[in-house]
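Chain B: place on chain A using the hints.
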Amino acid sequence: MTGMTAQGVVQILASGLLMGLLYGLIAVGLSLIFGLMDVVNFAHGEMLMLAMYATFGLVFFTGLDPIILAPLVVAIMFALGVSVYAGVIRYALRAKANPGMVQVFATFGLALLIQGLAQYFFTPDFRTISNTWLGGKTLNLGGIFLPWPQIYGAAISLLTFGGLYLLITKTDFGKALEATREDQGAVALVGIDRNRVFALGWGLGAALVGLAGTVLAIFYYIHPQVGATFALIAYVTVALGGFGSIFGALVAGIIVGLAEALTTMILPPSLKSVGVYSLYLVVLFIRPSGLFGRL
Amino acid sequence: MGEPVITSGTSGFVAKRLRQLIVAVAVFALIALVPRLTANVYLLNVLILTLLFAALSQSWNILGGYCGQVSLGNALYFGIGAYATSILYVKFGVLPWGGMLAGGIIASLLALALGYPCFRLKGHYFSIATIVIAEIGLQLVHNWEYAGAAQGIQWPISKDSWWTLQFARDKAPYFYVALGMFAITWLVTFFIVESRWGYWWRAVKDHPEAAESLGVTVFTSKMGATAISAFFAAVGGGFYAAFLSYIDPESVMQFQFSLLMALPAVLGGVGSLWGPAVGALILIPLAELTRSYLGGSGSGLDLMIYGALVMVVALTQPEGIVGIFRRRIVRNVAS
Numbered sequence: 002m003t004g005m006t007a008q009g010v011v012q013i014l015a016s017g018l019l020m021g022l023l024y025g026l027i028a029v030g031l032s033l034i035f036g037l038m039d040v041v042n043f044a045h046g047e048m049l050m051l052a053m054y055a056t057f058g059l060v061f062f063t064g065l066d067p068i069i070l071a072p073l074v075v076a077i078m079f080a081l082g083v084s085v086y087a088g089v090i091r092y093a094l095r096a097k098a099n100p101g102m103v104q105v106f107a108t109f110g111l112a113l114l115i116q117g118l119a120q121y122f123f124t125p126d127f128r129t130i131s132n133t134w135l136g137g138k139t140l141n142l143g144g145i146f147l148p149w150p151q152i153y154g155a156a157i158s159l160l161t162f163g164g165l166y167l168l169i170t171k172t173d174f175g176k177a178l179e180a181t182r183e184d185q186g187a188v189a190l191v192g193i194d195r196n197r198v199f200a201l202g203w204g205l206g207a208a209l210v211g212l213a214g215t216v217l218a219i220f221y222y223i224h225p226q227v228g229a230t231f232a233l234i235a236y237v238t239v240a241l242g243g244f245g246s247i248f249g250a251l252v253a254g255i256i257v258g259l260a261e262a263l264t265t266m267i268l269p270p271s272l273k274s275v276g277v278y279s280l281y282l283v284v285l286f287i288r289p290s291g292l293f294g295r296l
Numbered sequence: 006m007g008e009p010v011i012t013s014g015t016s017g018f019v020a021k022r023l024r025q026l027i028v029a030v031a032v033f034a035l036i037a038l039v040p041r042l043t044a045n046v047y048l049l050n051v052l053i054l055t056l057l058f059a060a061l062s063q064s065w066n067i068l069g070g071y072c073g074q075v076s077l078g079n080a081l082y083f084g085i086g087a088y089a090t091s092i093l094y095v096k097f098g099v100l101p102w103g104g105m106l107a108g109g110i111i112a113s114l115l116a117l118a119l120g121y122p123c124f125r126l127k128g129h130y131f132s133i134a135t136i137v138i139a140e141i142g143l144q145l146v147h148n149w150e151y152a153g154a155a156q157g158i159q160w161p162i163s164k165d166s167w168w169t170l171q172f173a174r175d176k177a178p179y180f181y182v183a184l185g186m187f188a189i190t191w192l193v194t195f196f197i198v199e200s201r202w203g204y205w206w207r208a209v210k211d212h213p214e215a216a217e218s219l220g221v222t223v224f225t226s227k228m229g230a231t232a233i234s235a236f237f238a239a240v241g242g243g244f245y246a247a248f249l250s251y252i253d254p255e256s257v258m259q260f261q262f263s264l265l266m267a268l269p270a271v272l273g274g275v276g277s278l279w280g281p282a283v284g285a286l287i288l289i290p291l292a293e294l295t296r297s298y299l300g301g302s303g304s305g306l307d308l309m310i311y312g313a314l315v316m317v318v319a320l321t322q323p324e325g326i327v328g329i330f331r332r333r334i335v336r337n338v339a340s
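Order-wise, the sequence lines are chains A and B.
For what it's worth, the numbering used here labels the leading residue of the first sequence as 2, then goes sequentially.
For what it's worth, the numbering used here labels the leading residue of the second sequence as 6, then goes sequentially.
So here's chain B without its partners, still in its complex pose:
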């Protein structure tokens, strides 16, 4: 699993890792040039969401892709981040940066508390439990008067500032923050998947019984993956709240978000470094374009295209889109 490792000893491995890292930094640098090329608000908004979901899906990928625990409830952590950031800012004046961090920590702790009973569940039992827990969270927030219940929380209008992460017209700052989040989640994944944890996760995913017998602590591995995964999902949620300046239960916690965090990774390639980004780059612009050009009247065309795409890719490319490239590379090397 992971990257096809074609190496001659340790030096080849280190060289390959270094090459991957240089390519990644170059890609991040190239993406950073985009706001200099366009100031189109619509385009930047789509790209900001693309980067955000690339980051979110990368965080899902840690638990779902590398560790093999298919969570369909990460909207809970996304929502916790959005609510923590909004409440801390609007009611206590804590800057969104602090709120995102606090949200991330709260989400991590909750993920650990929930992981304790949930990781006893296997396969579909686990996935369905995550859906149900997120749904409980949504309903509770719906009835939480302090957090505005169904009305949600409106951020006060303030002048443009990096401190409060509020920018009325210029979208470029959000773009850089989203890019930063994507780069950080990518780098964290990059470093951790080749660490001891990464090996544990893949062992847990592929052969849990064998992993256990070889001394891999399956439970601890899953707990580590879920804590990291939840942390970044919540940070993303906090950013999303600042970006929209308004949240309500549905707009940050509905099931749709859980799906949107998993789908890019599935589409691009689960358990791969670039899969979530590739998937997000296809899925998010497609979703936004079909929504704005076809779905305005609720015609359902957007859902049809989206659903058909997900189904066809799942059926024809079970390894995701990066799987196509990977096979080609392996073939080239073999010939």
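If we strip away everything but chain A, and leave its shape as in the complex, we get:
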């Protein structure tokens, strides 16, 4: 594009990087659950949407800032994740015929159900949270303007990935998680309750996307279909990084964010996602199980 200054390019790349870190956080729960039990949650976007509404509702009733309320939303989402496992996924795993298809369509049905519930209780109106600490504020770094909500999101994302790394490598729960994904049959022999690990895995996955939801709620419109907007990006991110790879989700998130930003320099805004999707396809055709996938 003509008239693009070096500063303009840095601006776009920095925005892309910040958004990419948030994409990583949105996607990592999906990847974690898949790595644990080979299930793709097609209601992942709806979980994000619910977290955004939860943030909105709590802000509305308490008047506190979304940043303060984030732990509460994360706790609610953890409970929701465990419930979804106990109420839906547990039964989907028992299917004797067409197990893969049962998982896909059980979670798709759940996604439609959640969307319907959101439309029924919250109406299809677009909502925003106003007067937050960070909303609308930008940081001026020598002429590069970075929005504070996105900086906050990127920082939360990096901290979370650090925390996840410690959780998986240093704690008993992390070891149980790793062991279960390595060999579901053998863990029972050493006294690990597979069902409990799966339930906690779903709780953790939902909590992670919930945390991303508390950040998005600060600067994005909240409506019943908002999940779909980010869900496809999340699937692309997870497939690009490799299903089940947590580190892959972070790297792929950054790649997706940067690719999206770069596309806007070349193509009209309405084709913003085409660049990302094409890049994802090219990578997948070269590496069918993603950058860091084990298959």
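Check the hints yourself; a few may be wrong.
Stated by the list, open to error - To give an idea of the interface, some chain A residues facing chain B are shown, with a C-beta separation under 8 angstroms as derived from the structure:
no. : residue
1   : 94
2   : 112
3   : 166
4   : 270
5   : 289
6   : 290
7   : 292
8   : 293
For the record, the hints were derived by calculation from the structure and aren't laboratory data.
Backbone N, C-alpha and C fix where the C-beta goes; we use that ideal spot for every residue, glycine too.
Leaving out everything else, chain B in the frame of chain A:
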């Protein structure tokens, strides 16, 4: 998989196939009587959509059900059919019949071109790639000025004619065309699933490695399934465009259509001859009724009912609704 084959040698098998065929022709003939019983436009519209999606879902079933490759991007081929038919008719005066055929061929060729890289992907990687490719298609059409971009294409008003497939008030002709499409996809499936291809597909679905080692060319099998599947999806799209006389990117290519092509088969029974029809007969009227009676104000009740149904059936009837009957038949024969 497929029908429970309870036979005594080849003659039993042939007799069973003949019986299936006679039952099917009788069912088609009975359905053909419906427009003589009612001229209610609303009812006929719902039934036309039901037949259309029974046909579309049958086409999805060939790749998804028999061959086991769960595509969630068939809206791409549906859209190609709708756009090919509309562009050829509106800009070049080609009759919709020719447009549907052309759309089908274009979609088949594209499916083969996309299948080449996509069939290297397994399981969820494949499904997600199909969603993404359809989404790319949608965005490209959105920006395609020649095809009306976001405004879409309006068919000119013309007098009722079988040639142009335009009927302003009488919906019965659309009903017969939809029935014809459903009958053709059913018959194609019927004949092909017991052919060499059908056996290959089921082998590819159940045990790809074993199939490969026994000399089944997995890749060729998938390519054959996707070409047939895409062809009928596009023909259905062309019909839909003629039926609505107006298309835009969302109304023919949104993700919803990919889902709507897969769901009837999943609900009715994947990899079965009547599954997609049974599923469509439940799903489409339910979707239309809940939309017109509950969803008018965007209340979300329609989505709730729909979602709950899909979830419950997937969880409780993994073999679909025809699975219930099949088990009963097997039990009766066993006792």
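For the hint on residue 270(A), just tell me whether its beta-carbon gets within less than 8 angstroms of chain B. Violated. Min distance 10 angstroms.
Under the criterion of a CB-CB separation shorter than 8 angstroms, is residue 290(A) in contact with chain B as hinted? holds (7 angstroms)
Restraint check, 8 angstroms cut-off on beta carbons, for residue 292(A) near chain B: Check failed: Cβ of residue 292(A) comes no nearer than 13 angstroms to chain B, outside 8 angstroms.
Using Cβ atoms only, decide whether residue 293(A) comes closer than 8 angstroms to chain B, and label the hint accordingly. Not OK, violated: residue 293(A) not within 8 angstroms of chain B, min 14 angstroms.
How about residue 94(A): closest beta carbon in chain B under 8 angstroms, or not? With a minimum Cβ separation of about 10 angstroms from chain B (threshold 8 angstroms), the hint on residue 94(A) is violated.
Supplied contact hint for residue 112(A), tested at 8 angstroms Cβ to chain B: With a minimum Cβ separation of about 7 angstroms from chain B (threshold 8 angstroms), the hint on residue 112(A) holds.
Given residue 289(A) as an interface hint, is its Cβ closer than 8 angstroms to any Cβ of chain B? holds (5 angstroms)
Using the nearest Cβ pair, does residue 166(A) come within less than 8 angstroms of chain B? Violated - the Cβ of residue 166(A) stays beyond 8 angstroms from chain B, reaching only about 25 angstroms at its closest.
Taken one by one, the earlier hints fail for this structure at numbers 1, 3, 4, 7, 8, listed in ascending order.
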